Structures are given as structure tokens and as C-alpha cells.
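Engineer: Here's the letter readout for the chains.
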Amino acid sequence: MKEKFLYLIIIALLPLVSCQEEVFLELKENPSTVVIEAIWTDVSGLNQVSVSRSKGYYDSEQAEIVTDAEVYILNQNTGEKFNFQYLPQAQTYLPINNRVARPGNSYQLNVIYDTCHYQSVGITLHPPRLDSIAVDFREERPFREEGYYLTIYGDIPFTSDNNYRIRIVRNDTLLNRRNDYFLFDDEFGTEILNRGFELNGYAFKKNDRVRLELYRLNRDAFDYLNELVGLLFNDGGLFSPPPQNPTSNIKVISGGGDVLGYFMTSTVVNASLTIDED
Amino acid sequence: MKFFLLTISLFSFLCISVYAQENSLTVKGIILEAGTNVPLPGANVYWEMDPQKGDISNVDGLFSVPQVTLPATLIITYIGFEKISQTITETDNLGSLRILLRPEERSLEEVVVTERRADENVRGMEMGKSILPISTIKNIPALFGEVDLLRSLQLLPGIQTAGEGTTGLFVRGGSSDQNLIQIDGAPVYNPSHFFGFFSVFNPDALENVELYRGNIPAQYGGRLSSLVDVSLKEGNTQSIRGEGGIGTISSRLTVDGPLFSDKSSFVISGRRTYADIFLGLANDPNIRNNALHFYDLSGKLMFRPTEKDKITISSYYGSDYLGLSELFGFGWSNWVNSGVWKRSISDILFLDVNLYYSQYNYEVSFSDEENGFVWDNKLAETGGKVDLMFLPNDKWKINAGYHGQYYGFAPISLLPDPGSAISTIETNPRNGIQNNFYISSLYDISEGLSIEAGLRLGLYNQVGKGVSYIYESGVPQSNESITDTITYSSFANMKFYNGLEPRVALRYMISPSLSFKAAYNRNFQYIQVATNSSAGLPIDRWVPAGPHISPIRSDQYSIGLFQNLSNNMWEVSIESYYKDFNNIIDLRQGANIIFTDNIETEIRTGRGWAYGLEFLLRKNIGKTTGWLGYTYSRTYRQIEGISMGLPFNPRFDRPHDLSLVLNHQINSVWSTSFTFVYTTGQAVTFPIGVYDIDTQRVPLYGPMRNEDRFPDYHRADASVTYKRPDAGRKWRGSWNFSIYNIYGRKNPFSYQFTEILNEEINFTPTPEQPIVTRRPGVVKTYLFTFLPSITYNFEF
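Quick mapping for you: the protein sequence lines, in order, are chains A and B.
Read in order, the letters of the first sequence are residues 1 to 278 in the working numbering.
Read in order, the letters of the second sequence are residues 1 to 796 in the working numbering.
Misleading hints may appear alongside valid ones.
[To be verified] The following label-pair restraints were derived from C-beta to C-beta distances:
hint, chain 1, residue 1, chain 2, residue 2, range
1, B, S489, A, E22, 53 to 63 Å
2, B, V720, A, N30, 49 to 59 Å
3, B, T483, A, Y153, 35 to 45 Å
The hints are simulated quantities; they were obtained by calculation from the structure and are not laboratory data.
Owing to the predicted nature of the structure, the values given are computational and were not obtained by experimental measurement.
Positions of the beta carbon are idealized from the N, C-alpha and C atoms, including for glycine.
Put together the whole structure using the sequences plus the hints.
Structural biologist: Written out as C-alpha cells, the structure reads:
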């Protein structure tokens with residue numbers, strides 16, 4: 001987190017001595033690759049599996065959606081099978097009967113498409129405790145705009161698998177710029193929620209409706225998202241590492257070829273509030 | 001070990017036997033600049049009646065020529081000085097002649113004090129060695145007018161740059177941490193200011209710089225790819241003098257003179273930037289309250305307690321600071337100290353003792369009630385060298401010595417402010433002791449053939465305090481695979497490595513002005529930087545070899561032809577090399593390097609190789625001087641887990657590299673300089689597609705690294721210097737006008753593959769200005785185009 005902060009400083013300094021312009025580069029193109037994004041939580045409205053294909057870099061058309069894949073998830077503890085069905089309106093696969101994950105169980109994602117079988121495994125980990133959310137007004141200063149800021153209180157009782165993501169929805173809009181990713185692990189300790197953890201990257205206004213989603217991830221999904229954020233910040237310059245696709249936790253079991261994307265199973269702690277004067 | 005002892009014995013035997021055959025009478029002395037008593041290295045000394053019996057004065061101005069029948073006339077010549085013919089008789093003090101040279105009054109060129117003789121490149125044993133006189137470096141047009149040693153070295157064949165405006169050196173396929181950059185024998189761990197845009201060397205404080213990239217003598221070791229040996233200037237012993245400059249972004253001042261008598265001197269030099277002064281003029285308080293500066297201070301004391309002894313003590317301190325509104329602070333500094341004692345034990349035996357201490361540290365602070373912290377780290381190296389040079393006769397030179405090093409890499413510490421929500425982080429320290437023994441012998445077998453053979457033995461121990469981790473199956477896969485932890489007390493042995501480093505070179509004179517040279521060098525490096533970015537950062541993490549990280553090793557083979565033309569006016573050389581690297585490291589994807597204690601889980605190990613052909617045409621004498629250098633080279637790495645385990649080019653692999661440097665003295669008042677550089681674009685990875693994931697549009701990359709290229713890089717710079725016709729005045733001033741990138745080439749610094757929102761490259765949506773259109777695009781960032789600067793330089 002602090003390395004990213006320093007990197008942002010360097011990026012902020014570059015404009016002092018640099019200029020930018022849009023250019024066109026001739027780029028190689030490869031055959032499209034299957035992309036799978038599978039979300040499997042204990043909250044029914046979040047669960048879905050998207051299957052699509054990559055496209056040429058300059059292609060501004062919508063990505064090709066795969067509609068005829070066979071998608072299911074197996075509960076490796078009980079042997080239960082959860083089938084997914086493609087829903088054209090949502091352009092994604094949804095679990096039949098709105099089934100959800102059960103905390104503590106291990107799940108296996110299966111996607112079968114065009115003679116290829118893709119598979120991934122994850123455990124739906126028990127959630128941390130979220131006790132309360134405090135709202136404080138902060139005045140403007142460097143690196144912080146004026147507004148209302150959230151501080152979350154709770155407890156992380158786990159000694160391992162402490163990989164968390166917070167997603168924030170403001171007025172029904174998911175905050176999804178690259179700066180909005182909030183990922184943390186126990187590198188800086190597990191008492192962070194006990195002391196109160198201010199989400200200092202998000203300033204809210206009065207009357208904003210805020211929904212906060214706290215996910216506890218398996219390490220491979222957490223690493224995937226971290227690498228994704230790193231890639232979004234990679235400017236291709238000397239201070240950036242060579243760009244690489246985030247490491248997928250989905251394997252090609254049969255049929256060959258590559259696969260992009262990730263499988264994320266998690267419990268979700270939800271909290272909603274409206275920012276008001278008090 | 002037995003092999004080493006056997007070799008030493010063999011060398012000793014050869015020394016004694018040949019010395020017995022060759023010893024003869026000699027005439028010795030010292031050559032000094034009249035008026036300042038500064039020793040003049042590189043002067044030609046020979047008998048008028050027998051020019052074959054001559055010598056070149058060494059770095060201390062000392063020379064030794066075989067005695068002939070006396071009386072006889074001794075000729076002393078030196079570029080920029082009046083020629084001297086001195087009759088030597090039996091009654092002269094033949095063991096310590098004192099010869100004073102006066103500068104030529106009508107010399108058009110600035111006097112260049114250098115150890116280099118005119119035909120040194122042909123007759124010397126050095127391969128891949130370059131000497132850039134400080135006066136030449138000062139003439140090269142510079143970015144922001146800041147004369148820069150390392151950026152000047154990038155203009156030499158075989159040396160690549162990572163990109164626009166950076167001072168990192170990538171020498172013959174090596175990465176930038178494979179260069180030993182030292183000041184008066186002490187290493188400098190971060191030789192750059194301002195994130196690599198400027199090097200730490202104030203040109204006024206420098207005496208000399210030598211770059212070895214091919215045949216590195218056995219006296220030196222510790223890095224694979226090059227030695228940049230920088231000497232700080234010694235003060236003169238006659239009168240107080242000064243020089244300095246007022247530039248576009250910095251000013252500098254150097255004062256030197258006698259200390260107590262003409263046997264001791266001092267020099268003190270300083271430089272500071274003033275970007276923060278301009279920031280203070282801004283209307284925006286967010287800019288006005290920022291700090292951005294760097295400064296250097298250096299000093300050197302010289303004492304000559306006896307005719308045979310010389311002691312110098314030098315110190316350098318350089319610091320950078322970036323502060324944003326008293327909220328964020330980031331500073332880093334180098335502190336380099338060195339003491340050197342040189343003693344002429346006898347006419348044929350010389351002793352050099354060097355003790356040094358070098359420290360690099362950085363500190364990042366963030367003042368915030370909730371998340372404030374101070375994060376710092378310190379690297380230190382303490383060392384001592386003893387070198388004995390034995391000159392049995394004028395055909396033979398032997399060096400033997402010892403170099404001891406102690407690496408003290410302190411824990412990386414992150415301390416939260418009181419009330420801060422984050423936790424303390426402190427890694428374990430990493431320390432090492434390295435003992436190096438070497439011996440080398442240079443012998444002129446015949447008039448045309450000379451051979452230099454050397455052997456260096458490095459004995460390295462990683463020592464406590466420290467912690468070592470044991471992993472499942474012995475493979476450091478991840479933190480989770482740690483099965484045990486071993487804690488070591490201070491100086492307890494944690495891991496031992498040793499390596500023999502043979503160095504062999506030969507030179508054969510095909511004709512008096514044409515030579516063929518060949519060399520083989522093996523080098524071990526026991527510390528390295530763990531990074532996968534191409535430019536060095538102040539927070540780069542140096543990692544010593546340990547239980548899971550092996551030292552890196554290189555073997556280099558090189559051959560070359562060297563010819564001088566028109567009485568040494570022109571130098572032409574062509575050199576070729578092949579070099580391989582073992583145990584090179586890279587980082588795994590998403591590696592967390594800075595705060596991890598078990599760094600071995602974050603790295604990948606592999607090998608590399610590089611080859612190239614370097615051509616140099618150089619003109620040293622006349623109104624127009626300069627050089628044309630061209631290199632064709634390729635560099636490869638092969639590391640498991642990267643690029644499917646297949647060979648790939650690192651970013652600094654730039655096959656074609658051409659540099660043209662021209663200096664022209666128009667008259668006694670005006671001079672001008674011009675440089676042109678052309679290189680193949682950097683090896684990079686461009687996307688081959690795009691896909692959607694987690695509501696993001698993400699570029700898709702192929703499995704191979706760096707298969708694409710930036711466009712070719714080229715740039716021309718020019719400068720004009722006006723030197724007031726004020727000969728004889730106490731204050732002598734000159735103006736330098738320079739333009740960097742004279743034709744405004746937009747060389748890319750980076751390409752960012754991003755979405756273009758609302759047809760603006762930096763559009764930020766707001767509730768009032770929502771996104772209307774979006775499409776894929778490529779945004780090029782480029783740095784310096786047509787950048788003029790002006791500098792006033794002065795001497796008094």
C-alpha cells in the first residue's frame with residue numbers, strides 16, 4: 001500500500017517535466033481468449049458467472065459474450081451441484097433458484113465451453129465482524145478533499161487467510177475507478193478494525209447513500225485483484241514493472257488454450273447508511 | 001583453496017626469478033605543475049638520445065626511466081604544457097628529480113590533467129576502459145545545463161541508458177546495480193539525485209573518472225559489469241583558488257588551496273538546487289508549500305608528510321528531499337568517506353591503503369492522525385584495502401592485496417505515529433562480511449607482447465544478526481511454506497560462499513600504432529538490487545547473498561583492435577565481447593519486495609547473456625575534438641516463470657546505439673559543442689487485445705515479455721560557451737548556453753493503454769460532467785523537448 005503511495009507521488013511529479021498526447025501504435029493481435037469472471041458469495045444478488053472473449057485492442061465494440069457455456073459449481077463438502085443458467089438481459093449466468101455459498105465450505109467452479117473445461121476451487125471463508133461505521137467531516141488538505149469520511153469498527157479474529165476487499169456503492173453507483181480499489185491484508189496487523197479504520201480515499205457529500213461491502217477472499221483471488229490494480233496503474237514507463245496479465249486462479253482442465261479472469265468466493269458483510277448532518 | 005595457494009606460489013616464484021634477471025639502475029623523479037605543485041600524471045619522459053627508454057608519470061606524477069650514460073638530456077612533454085629538455089648529470093639526485101612544467105600560455109585548449117598517455121589506448125592493457133577528462137564532460141551539452149558525469153558516460157560505446165533523462169548505466173548487458181561506482185575507493189549505493197535525473201557528482205569537485213567495462217583489474221571486484229572509479233579533486237598547494245557556476249536549476253562553488261604549507265591542501269565543494277525557491281513563488285498554496293531540492297557537499301584534505309608519503313581524507317554528503325505541504329516527506333542521502341595513504345616504500349615497491357565508510361539511507365514520512373508513519377532504511381558498507389605494487393623492472397608490474405568489506409543492511413522500519421491505525425513493521429537486518437585477496441602480474445614478454453594475469457578470491461559470509469527461514473522441500477515458494485525459523489546472533493555465520501575470479505588479458509603490438517588485445521574476466525557479485533523496474537528508485541532494496549539467494553556471476557570474453565593515426569591525433573578501436581550471467585534474479589508477478597522479510601519467496605532466478613561489437617573513432621587533439629561511437633549489441637535473460645521460461649530481452653536491450661560528440665574551439669573566446677544520440681527503442685510489451693473484468697477494461701498481454709519496441713530514440717543537443725578574454729584577471733567568467741533536444745524530438749517515456757473518455761486524454765468524470773463517449777486509446781508521455789538553459793561559470 002505504501003509502495004503504491006510512493007509510486008503515485010512519482011506519477012504526480014512527472015507532469016512537472018512531461019507532456020502527453022494520444023498516438024496510434026500498430027499492435028499485434030492474437031485469437032481471442034476466453035474470459036471468466038465468477039462471483040460466488042453468501043449473498044444471492046451478487047452471485048453470477050460471466051463468460052466472454054477478449055477482442056482486438058482498438059475494437060470499440062462490446063466484448064463477445066459467450067451464451068452457450070455449461071456452468072455449475074460443486075460443493076466439495078457436500079457434493080451438492082449448483083447449476084447456472086444464462087440470462088440474456090443480464091448477459092451473464094445466474095444460479096438457478098438463487099442458491100448461495102455456505103461459509104466454511106469449499107466450492108469448485110466448472111465452466112465447459114467449446115470442448116474446453118475450465119475449473120477453479122475456493123473456500124467461502126467466514127467473515128470478520130463489522131460493528132459500526134462512524135462518519136466524520138474532514139476539511140480539505142493535500143491528498144484529501146473536503147467531505148464526510150467513513151471509519152469502520154469491528155474485529156478480525158483470524159490468524160490466517162486475512163485478505164480483504166471493500167467495495168463501495170455511492171447513490172447506487174459502484175465506485176470503480178482504479179483509485180477506488182480497496183484491498184488490504186494483515187501485513188500491517190489484524191487490529192486495524194479494532195482501532196477504527198478510516199476509508200480515507202472516499203469523500204462523501206451530505207445525503208449520499210452509501211453501501212459498503214466487505215469481502216474476505218482466498219489468497220489467489222486477492223492476488224488476482226492486486227495484480228489487476230497494478231496493471232491498471234502500470235504506465236509502461238521506467239518505474240513500472242513489465243506488464244503481465246493478472247494470474248488467473250482458473251485452470252484449463254481439458255481442451256487446451258488459455259483462460260483469463262478469476263473465481264472469487266467469499267462471504268460478504270454489508271452495511272448501508274445515509275450521510276447526514278448529525 | 002589449494003589451487004589459489006598454488007597460483008600465488010607460482011606467481012611469487014615467477015616474480016623472484018624474473019626480477020633477478022631484469023633489475024637495473026634507474027632515474028626517478030616527480031613532475032609537478034609550476035606554480036601549484038600539483039603532480040602531473042601522464043607526462044611523457046624519455047632520453048633524447050634513446051627515446052625507447054622512457055616512462056609515463058603515474059597518478060602521483062612519479063616516473064622512473066632506465067639510466068643511460070650521463071650526462072644526457074631528459075625530455076618531458078605534456079599536452080598543454082611547455083616541453084622541457086633537462087640535462088641530467090651524475091651529480092644530480094638521480095633518485096628524486098623534481099621537474100616543474102609550465103602551462104603553455106597560448107594553449108587553446110583547457111589543460112586536461114589525466115593519467116592517460118597519448119597512445120595509452122593502443123599500448124596499454126586496458127580493454128573496454130574509458131577515461132573522460134572532466135574538461136570534456138563539462139563541455140558536453142547538458143540537461144538543464146547540469147553537467148552530469150554519468151549521463152556523459154552514457155555517450156560511450158557499450159553503455160546503454162534505461163530511458164530519457166535517467167543516469168542509470170547498463171553496461172554490456174548488465175543491469176544498473178552491476179556497476180561499482182566509487183568515490184576515492186568508497187562505493188556509492190545510490191549515485192543519483194531526483195529519481196535518477198541527475199547524478200550525485202558535482203563536476204567541479206572531480207579530478208578524474210575511469211570506466212572499466214571489459215578487463216577489470218584483479219584489484220577491483222564486487223560488481224559484474226563495470227567499475228566507475230571517480231577521484232575527488234585535490235586542492236592546490238600554492239594559493240587559494242575557486243570555481244563555480246550559477247545555473248538554471250542549481251549553483252555550485254568549489255574552493256581549494258594550501259592548508260598549512262605547500263605539503264598539504266584542502267578543497268571544499270558544494271552544490272544546491274533551487275527548484276523549491278520557484279515553487280515558493282506559486283500562487284497555489286498546494287504548490288507553494290512544497291519542497292523539492294537536492295544538494296551535495298564534498299571535501300578533501302591532502303597531506304604529504306614526507307616525500308614518500310601522501311595521505312588524503314575525503315568525504316561526500318549528498319541529500320535529496322521532496323516535501324508536500326508538511327504532510328508528506330521523502331528524503332534520501334549518501335554519505336561517503338574515504339582515507340587513502342600512499343607510500344613509496346622503495347623505488348620498486350609502493351603501498352596503497354584505503355579505508356572507507358559509505359552509508360545510504362532514506363526516510364518516508366506521512367503526517368496523518370489516522371495513518372501517519374515514518375518509514376526508513378539504511379545501508380552501510382565499511383571496508384579496507386591494502387594494495388602493494390611491485391615494479392621489479394620496467395617490463396613488469398605486480399599488484400597484490402586484500403580488500404575487506406562489511407555490509408550492514410539495517411532492518412526496514414515502518415513506525416506508526418502515535419494514534420495511527422497501522423502497525424509497526426520491522427524486517428530483520430541483513431549483514432555480510434566479504435574478504436577478498438588478489439594478485440595480478442603485468443609483464444612485457446617482448447617489445448610487442450604483454451600479458452596481464454590476475455586472480456581474485458572472494459570469501460563471503462552472510463552473518464548475524466539475522467533470521468533464516470526453512471521451507472518445505474527446501475524451496476522458498478511462499479510464506480505459507482515456511483516450516484522453521486532460525487535466529488542468528490551477531491556475526492554468527494549464516495551462509496558461506498566463495499569464488500575465484502581469474503582475470504587474463506594480453507596485448508600484441510601489430511605495428512607501433514596498431515595493437516590487438518584480448519581479455520577474459522570472471523566476476524562475482526554478492527549483493528544485488530531486487531527490482532523489476534528499469535529505473536532505480538531511492539527505495540530499491542539491496543539484497544545480500546544468503547541461504548536462498550546465490551551470488552551472481554559473470555564471465556566475459558573480449559577481443560579488440562586499437563589503432564592511433566596521425567601521431568595520436570585520431571584513435572580508432574573496435575571491440576567485441578561475449579558475456580554470460582548466472583543466478584540473475586527477477587521478481588515474481590505481484591511481488592512485494594519492500595516490507596517482506598523472506599524476500600526469497602518473491603524472486604525468480606535464471607541466467608543471461610550478452611554480446612556486442614563496439615566501434616569508437618576519437619579525436620583528442622586540435623581545435624575540433626570528440627568522438628563517434630557505435631555499438632551493436634544484444635542482451636538476453638532466461639528465467640523460469642517469465643516469458644514461458646524462454647529467452648527474452650530486458651528493456652535496456654537496444655541493438656543499435658550511436659553517439660556523436662563534437663567540441664570545437666572557434667577562437668580564444670568562443671567554443672561550441674554538439675552531441676547526437678541514436679538508439680533502437682526500448683524493448684517493451686504492448687497489449688495484443690483487451691477484455692472486460694471486474695467492470696474494468698483491461699489490456700491483454702501475450703505470454704512473452706518485451707517482444708515490442710518503442711520507436712527509435714534520437715536527439716541532438718548543442719551548446720555555445722563564451723569565455724571572456726580576461727587572461728590575467730583574477731576573476732575569469734564564462735557563459736554557457738545549451739539546448740537539450742534541439743529539434744524537439746518527442747521521444748516516448750511511456751505509452752499508457754487506456755480508455756479515452758469524452759475525447760480527452762485526462763478526463764475525470766464528475767456528476768456534472770458524466771462520461772459521454774469512451775474508446776480505447778494510447779497515450780504517449782514524453783519528457784524534454786527543446787529545453788534551453790544558461791549557466792554562468794567562473795574561476796578566481
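Engineer: Now tell me, hint by hint, if it's right for this structure.
Structural biologist: Taking the hints in turn, this is what the structure says about them:
no.: 1; hint: B:S489 <-> A:E22: 53 to 63 Å; result: 60 Å, holds
no.: 2; hint: B:V720 <-> A:N30: 49 to 59 Å; result: 52 Å, holds
no.: 3; hint: B:T483 <-> A:Y153: 35 to 45 Å; result: 37 Å, holds
Checked against the numbered hints given earlier, this structure breaks none of them.
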